[in-house]
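**Student:** So the chains spell out like this:
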Amino acid sequence: MDIITCCKVVRDDELIKVNDKQELIIDEVPWKISAYDLNAIEVGKKLAEKLEGKMQVLTLGSPEALNGTKIQKDILSRGPAELNMVVGEGYEQLDSISTAWYLAQAITTFENVDLVLCGVGSGDFYNQTVGTQMGTFLNWPNIDNVVEIEIDESASKAIVKRALEDSTETYEIPLPAVITVSSEIIEPSVPTMKEIMRAGRKPVNLLDLNAESLEQTTEVIEIVVPDQTDRRKEIIEGDGEEEIDQLIEFLKKELV
Amino acid sequence: MKTDVAYVLSVDKDVILEICSGLKDKTDKLNVVYLGSEEELSQLKCGANNLYFGELGEYIAEDYVTAIAQKIKGDDSALVFGGNNVKDRAVLAALSALLKSNLLTNVSSIEKDGEELVFSRVVYGGLAEQKTKFVSNYGLVTTSPGLFELIDLGDNDNIEKLEVAEKSAIKFIEKAEKQEKTVNLVAAERIVDVGRGLSAEEDLGLINELAAKIDAAVACSRPVAENDKWLPVSNYLGITGTTVKPELIITVGVSGQVQHMGGINKSKTIVAINKDANAPIFEHCDFGIVGDLYKIVPKLIEKL
Ligand SMILES: Cc1cc2nc3c(=O)[nH]c(=O)nc-3n(C[C@H](O)[C@H](O)[C@H](O)COP(=O)(O)OP(=O)(O)OC[C@H]3O[C@@H](n4cnc5c(N)ncnc54)[C@H](O)[C@@H]3O)c2cc1C
Ligand SMILES: Nc1ncnc2c1ncn2[C@@H]1O[C@H](COP(=O)(O)O)[C@@H](O)[C@H]1O
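Protein chains in written order, with the numbering used here: chain A, -6 to 249; chain B, 1412 to 1715.
In short, the hints are calculated from the structure, not lab data.
Remember, it's a predicted structure, so these values are computed and weren't measured experimentally.
One thing to keep in mind: the hints can contain errors.
[As the list claims (entries may be wrong)] With a straight-line cut-off of 30 Å between C-alpha atoms, the simulated DSSO-like cross-links for lysine-lysine are:
no.: 1; chain 1: A; residue 1: K10; chain 2: B; residue 2: K1677
no.: 2; chain 1: B; residue 1: K1589; chain 2: B; residue 2: K1578
no.: 3; chain 1: B; residue 1: K1706; chain 2: A; residue 2: K226
no.: 4; chain 1: B; residue 1: K1656; chain 2: A; residue 2: K246
When you get a sec, could you build the whole thing from the sequences and use the hints?
**Tutor:** So this is what it looks like as structure tokens:
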């Protein structure tokens, strides 16, 4: 069982700030693993353990995002045997279709792949489409928003549950396949000391795709920061009688 | 807004009626692709030039993707619209790969700039909006719910059944309805919004009591629904959840990260209860109290 989990490295959303000119200050913001790809990595790790297989991570991004050993070790401490990177200037800014195009090409460079896992959506753009687009490029069966995966012992097919808005549907899907998992599927675990120590010794591979690029089909005109509502910001500290009474005063006025 | 050929595709007839309302008189040729049950077809008066219908049951939505792509390629250029529900998005994502054109998901506004259409979608967790245009023959878009107002559309010129051109390798096994009580949070005037500050599921009793006392609905943050599974996923607020604008929202043990605030920042009054003075919620509230929810909420229930 060979599993590849696709994982994006993004700017830390909690540290992106807005300046007084309503512009994003993003250039110096540190990088982190896209939040919901942690769930996908965890699923891959658990499946690989159970089926005595191997899980690797595939990521595509800019040199700035991926070349730091800190982020590489962070990824590797979460279970993958190897880290595979497609690196290109500005790659984390690519639109969904080009991202999926390159990732699909990257998948074909592996000798054997039974399952590709994706997260529910990237933390920065949250397209929620790259898995399906990649699966379609590969001409592999694919399914998204999966909340449960069971794989038979011969790794020939998976039974998956997919969450829809008001129902859950179960499907059988032959492998190799691309499965995009919902963030509900599992909680990511915290790497142990041992895993962190081992991470530094695991291989980091730079994939050379030599791939043609897709013709550009969209053009970003601008990124704007919407106006914020001004808030009164009356803040009181403490949970004693007096403070709670102040809160009650405030609420009573609001509740009339 | 003007586009020569438009396709509106959905598994949900309400989505089709909404998007067709937005496109009426703005396109020379309106084609609709409805994937669903034949019984609902009579309700689809969408004023379309062509209504293509793919029956689900024996087939799943994915089975029709190749056939739909062939239809679209029959037009030299087209914009393809769908809803932002799971199935529409997946079908449009597959089509986008077959047409080698980008898909913009969860588009929250469409404006006209000269002859061109500009699509906005939220990025960076709700911090910013990205404005994008298509520079290709085909463009694909899923729209967030409620983008267009419903109007009367009239009959369709032509109805045609879609045949499956290439069946997907995926086999449908079964469907289970979710057994959840849904609350209409969008219409709620008052909301108690609970986050991970709550330490145990039983303590939801406290939250429910407070909500009952002030006649409010109960909502939550994404992890309370998705990870703890204490409330249905349809109850979480935020940029990827429900957007609300009540008169009053009381957040209890919510840190106030940008993705959550994106769903509640249109509320008239925001009150925050959080024990961490540095929690971002205190930057975005009208009244905040830095303290333990387990001391504060029982007192509110008692005294309000
Ligand atoms: C792409 C993406 C999309 C997302 N979309 C959404 C979304 O739509 N909606 C959403 O909610 N989240 C969303 N998130 C998650 C979001 O980033 C936050 O992780 C989440 O909102 C945090 O939820 P929380 O405030 O309940 O939990 P936490 O951040 O863990 O905060 C808990 C708070 O409770 C306080 N607390 C603890 N104990 C007490 C006590 N006894 N009394 C008072 N206060 C206490 C703590 O001080 C803390 O501030 C998204 C994330 C990503 C990456
Ligand atoms: N640059 C990338 N590198 C690796 N995986 C990615 C990249 N972009 C998207 N993905 C994968 O596709 C999923 C969905 O991303 P998106 O469609 O952008 O929301 C992510 O959760 C990842 O698993």
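**Student:** Each hint: holds or not?
**Tutor:** Going through the hints against the structure:
1. K10/A <-> K1677/B: Answer holds: K10/A to K1677/B is near 20 Å, not above 30 Å.
2. K1589/B <-> K1578/B: Holds, because 28 Å separates the two Cα atoms, which is no more than 30 Å.
3. K1706/B <-> K226/A: holds (22 Å)
4. K1656/B <-> K246/A: Satisfied, since the Cα-Cα distance of roughly 19 Å is no more than 30 Å.
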